[in-house]
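Chains as they are written, first to last, in the working numbering: chain A, 1393 to 1814; chain B, 332 to 628.
Since the hints were derived computationally from the structure, they do not count as laboratory data. Since this is a predicted model, take the numbers as computed values, not measurements. Check the hints yourself; a few may be wrong.
To be verified - Subject to a maximum C-alpha distance of 27 Å in a straight line, what follows is the list of computed DSSO-like cross-link-like pairs (lysine-lysine):
#, chain 1, residue 1, chain 2, residue 2
1, A, K1725, B, K543
2, B, K543, A, K1517
3, A, K1468, A, K1535
4, B, K418, A, K1732
5, B, K622, B, K334
6, A, K1492, A, K1517
7, B, K418, A, K1629
8, A, K1468, A, K1649
9, B, K543, B, K622
10, A, K1725, B, K334
11, B, K341, A, K1732
12, B, K432, A, K1517
13, B, K622, A, K1517
14, A, K1403, A, K1649
15, B, K410, A, K1649
16, A, K1629, A, K1492
17, A, K1629, B, K543
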Amino acid sequence: MSKQKTNSQAKSGMLLILIALFIGLVGYVLFNGVSVGVYDIGNVSQNINYGLDLTGGVNVVLEAQATDDEAVTAEKIESAMLTIRQRIDTLGVSEPTITKQGDNRIRVSIPSVSDQEEALDLIGKTAQLEFVGPDGTVILTGKDVVDSKGVMQTDSSGLEKAVVTLKFSEEGTKLFADATQKYIGQAIQIKLDDEIISSPTVNVAITNGEAVIEGIGDIEEAGNLASLIRGGALPVKLVPIEVRTVGPTLGQNSLDKSIYAGMIGIALVLVFMLIFYRGLGIIADLALIIFIIIFMIILTALNVTLTLPGIAGLILTIGMAVDANVIIFERIKEEARLGKSLLTAIDNGFSRAFSTILDSNVTTLIAGFVLFFLGSGSVQGFAVTLILGILVSMFTAVVITKQLVILLVKTELFKSNSFYGI
Amino acid sequence: MKKNIQVAEKSKIWFAISLILITISVGSLFINGLNFGIDFIGGTIVTIELNTPFETSDAKALIEEYDSSADVTYAGEAKTQVIISTKKDLSTEERQTLFSKFQEKYNLEDTDLLSIDTVSPSIGAEMANSAMIAAVVAVLLMLVYITFRFEFMFGLAAVIALVHDLIIVLGVYSIFQIQVNSPLIAAMLTILGYSINDTIVVFDRIRENRPKFGKYDYANLVDTSVTQTLRRSINTSFTTLLAIGALYAFGVPAVQDFALPLMVGIVSGTYSSIFIASALWSKIKEFQASKSAAVKS
């Protein structure tokens, strides 16, 4: 009998040690990453999707504005989003996100772009290209252009100048040929968004469907203009109503500092639980570490974007994860004070605390979901980690802690109630 | 048996403390108002790393032509960063030329432009509106849930305690004229969720203890239940404060904007769930009981 008992004691003890080792191993892999042969498991912080506030980037909200004769329609917004995507693609930036907000807004997020102001310039321009005759008639527009490039060209005086080349469509070629025939000796204005960028004088009818725009600053500007023309004009006037940019150094700095602050917060909580709940505190701390590991894994698996407010949400849920254990442990203490045996007290503590934890967390979850569905941008980022944190913490606090506490008691290594802080 | 904390017994004291705090908060909101940031009133904030100490007057001179009332402040550990805030939402061209002026004067790289925030004034009102809607929706849903799991009067008492917390948080922002931006809205909604969590834990205990007490012995029921859950209320708030406090002490401004109202809200929420919510509930119940007794007699 007693041998059997020692056996199960030893088993429980072994199991507990194995679990602790396993947690340690998983934690190590998560935060440091390992390479096994060809398999390279990067650390979790490399695999998380960070928000623009942590990596640096540009975030713009554009509002479509209706004019007297043109309304904003869903189709126009859709096609404007396509145009914006094409323009950003010319910057060679990885993974821009372009989403529709409400009926008439477009949110554009571009991570790690080197020249942020240039990107902003590129996104918002209507880029309506027009060739206007001396009598004010529009000869052709950007729609008639099939290709455009920014190149260096030697002009008649032998100087190298940046120009934008244009190649017209079949119809455009015809229109341009007719117009240049008609206006020989006169000036044609080339307008971009109603601003005259060049007004060359026609010397001879141009029938090959090609033209150049001169009077451009440098080759970079010429390239940008060419890509604007290639992408086509926006079907609707867009006004930036919110612009937020974060430089890459500031973003990295924010991330480092937040991780540091979060670590200190977590360490303080771990120490507090250990001092206040002793043996049970060890379990709570283990459960908290498991919570953080599971949270990180889910965050990575679901591809959730972690933002600064999201980090605040995470830290808040760490507080709440501990709360569930505090509720349970206080309940266990109460039960023990009523004279129940340790195991019974633990059993009762868990089952009685469950409804408390459920009801209190559901009310917080309600707030989280409302934030998620009615909020936008940073508020949503916060809501996601809050919701995720509450769900995971309910699982770790109730299911995992209970198994760990029972294992610890079964080892019978610690028999005095004071070890359990009772 | 441990002595009970006298929450319902001495409810007058606790109500008085809360009333004073709320009066001060509301008074300050009326007199001083709130110090709204660009998220609400629109404007531009540009942060530039100058890599060298500078005179604010120099920086001001460069901004003069865009907005003569622009604010210029220092930032960064060595005070080498300049934060320019204007009440005007500058256009992309204006910001570009502004930065190129700084670039010229201080010989800067493109990456020294640390951050830009431009918000048009129209957004602010919209945001405040949608936040109000979110808060009302959240409170209504919580009321429904609490009525379903407990009873309507618990829900009512909890919601009053919540409003109490939110007023005090706003009061702190008004008294100290801390700038109000969008993170405050998220923080307020979080306080909504967190503070009610605290209150529910106490109510849950009242619900459990109810059969053990006489039908009209509300004061004793409440005091016993609050006492039994007191340690949990304090420990939980304390651990959460530890975590959030660390974020506030060591974090960056964007996180501090969240952490500060959360800290105020957690303290106020703990106070209201210990001293206000259940005492209120017992008063409502006593009132109902006396009314139905009066009707009967």
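* **Violated constraints from the hint list, given by number and in increasing order** => 2, 4, 5, 8, 11, 13, 14 and 17
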